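For chain A, the structure is supplied; the task is to place chain B on it using the hints.
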Amino acid sequence: MRSRVTLRDLSLRQIERYVGTHEPLDKAGAYAIQGEGRRIVESYDGCLANITGLPLCHVYFALRRVGVVPRERPEVVCQAHFAFVCPVWRTAQRQGRALRDGGEYRSWSDDAPAYSDRVADPISVLIVDDHLAVAESLQALLSRQTDLDVGEVATNGAAALRIAAERKPHVVLMDQNLSGESGVEVASKILAAHPGTAVVMLSGGMSQDELVAAVEAGVSGYLMKATPAAEIVKAIRRAAAGEILLPPDELASLLRLGRERTRQRDERQRNLPQLTRRESEVLVLMSSAADVERIAGELKISVNTARGYIQNILEKLGAHSRLEAVVRATELGLLGA
Amino acid sequence: MLRLASSSPRRVDLLELLQVPFESIAPNVDEARFASPARAKADAGARPGDVTLAADTEIRFDGEHIGKPADESHAIAMLATLSGQEHEVRTDVVVVAASGA
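Taken in sequence, the protein lines are chains A and B. Residue numbers for the first sequence follow the working numbering, so the first one is 1 and each next one is one higher. Residue numbers for the second sequence follow the working numbering, so the first one is 1 and each next one is one higher.
One chain only, chain A, in its complex shape (with noise of 0.2 Å):
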């Protein structure tokens, strides 16, 4: 794998402070961008990973080859360090090279030409967005560029994964809002039927939660609505070349409170207010806006006994009224679907 790397106008004394600082030194450590080492480097093309030593996903579909690993993603390719080091992973995955078999080894040896001169087939580009005006118009920016390959638009979510499933995409550029759909459960789904595509959210504008729930999806990253034209295109080039848009401290901050909401919605499940039956079946009637009269004659038990059964709802459910119990019975998932 090559990459080109270009580094900052380094003063004397920058370069002496960086060598003092970092032992051994070999060729890829030189310079390595981790930690202190982004500090030196202006730019780079293709594989982060490559300049630090040891592109992993292309190590990680050898070994898959041979047997090492099992076929099955890994866990760690969750971490937001792997991502990091690995931003190349779709393309990896896209060019799976063949092991060449004989003699009394297989061997795999990965001298692929970089991704920035690869003569590669045009990207084929899946456009969602459910204001058909826009997505059109994006068709004809994007038509423009000779190595895209901009298909038929999807205006929801279903469209787009029979799109997704039918021409297989290189990236698809997906709008965060869908009319009542949201873009991240399609990106998800697409993404979990089709690994080897990168998903670019296009939005006006995404809460936390949302970029938590779409880097949790493994989109490659995000793009505002009012970005220019030319930052769109170059945008989904990147992701094509399997590259992770966000910045690396912001993707691990993202994912590092993805694991915190997890932790937290485990916690609360493991808490969950024990109802007993009785109870549970006078929740549903409470839900169904019916009065103590009603659910009394309901359960055929007396007003008073159907009282004490509200009673001790809204104390386990720490509430203060009836609507205020079926509020937090219906968060905390007590009142099914």
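Simulated from the structure, these hints should not be mistaken for lab results. Be a bit skeptical, because a hint or two may be false.
Claimed, not checked - One-sided and incomplete, this derived list gives chain A residues near chain B with beta-carbon spacing under 7 Å:
1. Arg4
2. Leu7
3. Leu10
4. Val59
5. Val68
Bear in mind the structure is a predicted one, so any value in this text is a computation, not a measurement. Glycine is no exception: its CB is placed at the ideal position from the N, C-alpha and C atoms.
Just chain B, lined up with the frame of chain A:
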């Protein structure tokens, strides 16, 4: 058992991310003698029944191959040459799965 034919602490760290058990070995290979040092290292480390992984990173600047710095002042000179300049980094990965038990 997977064998990593490299003693670079960075490569060891990176490979650990894959959560595959492996041992790190240091094959004695004179890199300058081989067109593909990664292949030479993998071959040197190969053992029947085991899979050996080797990698080699090369830096090219102005068409010239730039090797490892010999010492600190050489490292400084190297970085001073590269400062503000574009260069090429190429990493070869070779996996050898030797047959036989």
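Which of the numbered hints above does this structure break?
none
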